[in-house]
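Position chain V against the provided structure of chain R, taking the given hints into account.
Number of protein chains: 2
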Amino acid sequence: MGRTSDARDKILGAARALIELRGYSALGVAEICKAAGVPKGSFYYFFESKEALALAVIDEHWAGQERAWKEVLAGEAEPLQRLRRLFEVTQAAQLAGQRDCGTISGCMFGNLTLEMSNHTEAVRVRLQEIFDAQVGMIDAVVAEAFLRGDVTVADTWQAARSVVAQLEGQVLLAKLYNDTQVLGALWANCLALLGARAPGEVAAGL
Amino acid sequence: MGRTSDARDKILGAARALIELRGYSALGVAEICKAAGVPKGSFYYFFESKEALALAVIDEHWAGQERAWKEVLAGEAEPLQRLRRLFEVTQAAQLAGQRDCGTISGCMFGNLTLEMSNHTEAVRVRLQEIFDAQVGMIDAVVAEAFLRGDVTVADTWQAARSVVAQLEGQVLLAKLYNDTQVLGALWANCLALLGARAPGEVAAGL
Numbered sequence: 001m002g003r004t005s006d007a008r009d010k011i012l013g014a015a016r017a018l019i020e021l022r023g024y025s026a027l028g029v030a031e032i033c034k035a036a037g038v039p040k041g042s043f044y045y046f047f048e049s050k051e052a053l054a055l056a057v058i059d060e061h062w063a064g065q066e067r068a069w070k071e072v073l074a075g076e077a078e079p080l081q082r083l084r085r086l087f088e089v090t091q092a093a094q095l096a097g098q099r100d101c102g103t104i105s106g107c108m109f110g111n112l113t114l115e116m117s118n119h120t121e122a123v124r125v126r127l128q129e130i131f132d133a134q135v136g137m138i139d140a141v142v143a144e145a146f147l148r149g150d151v152t153v154a155d156t157w158q159a160a161r162s163v164v165a166q167l168e169g170q171v172l173l174a175k176l177y178n179d180t181q182v183l184g185a186l187w188a189n190c191l192a193l194l195g196a197r198a199p200g201e202v203a204a205g206l
Numbered sequence: 001m002g003r004t005s006d007a008r009d010k011i012l013g014a015a016r017a018l019i020e021l022r023g024y025s026a027l028g029v030a031e032i033c034k035a036a037g038v039p040k041g042s043f044y045y046f047f048e049s050k051e052a053l054a055l056a057v058i059d060e061h062w063a064g065q066e067r068a069w070k071e072v073l074a075g076e077a078e079p080l081q082r083l084r085r086l087f088e089v090t091q092a093a094q095l096a097g098q099r100d101c102g103t104i105s106g107c108m109f110g111n112l113t114l115e116m117s118n119h120t121e122a123v124r125v126r127l128q129e130i131f132d133a134q135v136g137m138i139d140a141v142v143a144e145a146f147l148r149g150d151v152t153v154a155d156t157w158q159a160a161r162s163v164v165a166q167l168e169g170q171v172l173l174a175k176l177y178n179d180t181q182v183l184g185a186l187w188a189n190c191l192a193l194l195g196a197r198a199p200g201e202v203a204a205g206l
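One line per chain: the protein sequences are R and V, in this order.
Numbering (our numbering) for the first sequence: 1 to 206.
Numbering (our numbering) for the second sequence: 1 to 206.
Extracted from the complex, chain R is given alone in its bound form (with noise of 0.2 Å):
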């Protein structure tokens, strides 16, 4: 039973590395299964299709992001403060990514959005209820900002999406160049999309 799940891991990491690097329709069951060192007749054991396997990389990665996004947006400290934390970690973890291995991954759910969004209805779906769920993560911030006095901006939720579409838009970028500093841009314009009161005493934590 140990090895069993073993077994299950090691084809999940090496699909997640795999896509990561290449996305997912260039892939094959059987390069995964070598790149995961089992034998090819076991992945239809724990995955009925390269579908399901995709499926079950985008869940596990959520799983990660998630919790790491949750940390960071639930701290202690003031509101865009927070957001701001957000973007640090985004840009570190795209730097950590492109030092191992040499370029620039981007956003897995972003990269499979514009692959598989519009031939595979389940990734689509579930790609969606990510994208909501981390709108709906931004949100909470934003209106407890908005609540303060620090952001002008009325429909938060709205203003959430456009910062989530900014991070986006950023992260296709620097993909592009493979250079990290483009999302440096990140802050300041988060500030700017959601009418924050004087960006520079905000960007101070005054």
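Some hints here could point you the wrong way.
Where chains are identical, the list cannot tell them apart; a pair therefore holds if satisfied intra-copy or between any two copies.
Heads up, simulated SDA-like pairs for lysine to any residue below, C-alpha to C-alpha not over 20 Å straight-line [unchecked claim]:
(1) K50 to L12
(2) K50 to L27
(3) K50 to A26
(4) K50 to R22
(5) K50 to S25
(6) K34 to A68
(7) K50 to T120
What the hints contain is simulated information worked out from the structure, not anything from laboratory work.
Relative to chain R, chain V alone:
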């Protein structure tokens, strides 16, 4: 000679449609030729490789989009109104695509950036040139707006890049939710990112 160039156009057209639907990696040369209705043997007469075809598809798509952007951004209207028009044109194009094939295909350059930039250096370089050109075209309009006192942002190039990032991010979400309404946020967000003077007035064209 007429028939020869016709075959090249057919291959290009089929490849473009298939790439928009399913991305690049999932496609094979045989499938592209079948969709184009040309014998597989003729493919390598026109294109050295599948990668060379991808570059030709990108170049052709950019030639059309660059023409459209120039037309909109070099118009007679006030600078920010031209940017607004660019977002309207983008939303209309995505809506037309959705009507044609049921789903929003998104931005071909964004799609290929996330799918290909990390493992096809020639494509990365070409896409960088295209995004540089897009930022440059928006930068020129923002600089005009700055000189008129319509926007407060001083680093117009950086602001233009953030506008492009917002565009890519919102198009990604529009594709994910298969809903062009998402793109309605672009104009207000652009004004926020540029630090537009009295957005209400600018929005009303005053």
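(message) For K50 and T120, with the copy left unspecified, which applies at a CA distance of at most 20 Å: within, between, both, or neither?
(response) This pair counts as within: shortest intra-copy Cα distance 11 Å, inter-copy 24 Å.
(message) Cα distance capped at 20 Å. Does K34 pair with A68 within a copy, between copies, both, or neither?
(response) This pair counts as neither: shortest intra-copy Cα distance 31 Å, inter-copy 47 Å.
(request) At 20 Å max between alpha carbons, let me know whether K50 reaches R22 within a copy, between copies, both or neither. (result) both (15 Å within a copy, 16 Å between copies)
(message) As a check of your reading, is K50 near S25 (CA-CA no more than 20 Å) within one copy, between copies, both or neither?
(response) both (10 Å within a copy, 16 Å between copies)
(request) At 20 Å max between alpha carbons, let me know whether K50 reaches L27 within a copy, between copies, both or neither. (result) both (9 Å within a copy, 17 Å between copies)
(message) Cα distance capped at 20 Å. Does K50 pair with A26 within a copy, between copies, both, or neither?
(response) Answer is both; intra-copy 12 Å and inter-copy 14 Å each pass.
(message) At most 20 Å between CA atoms: does that hold for K50 and L12 within a copy, between copies, both, or neither?
(response) Result: close within a single copy only, 11 Å intra versus 30 Å inter.
Of the numbered hints listed earlier, the single one contradicted by the structure is hint 6.
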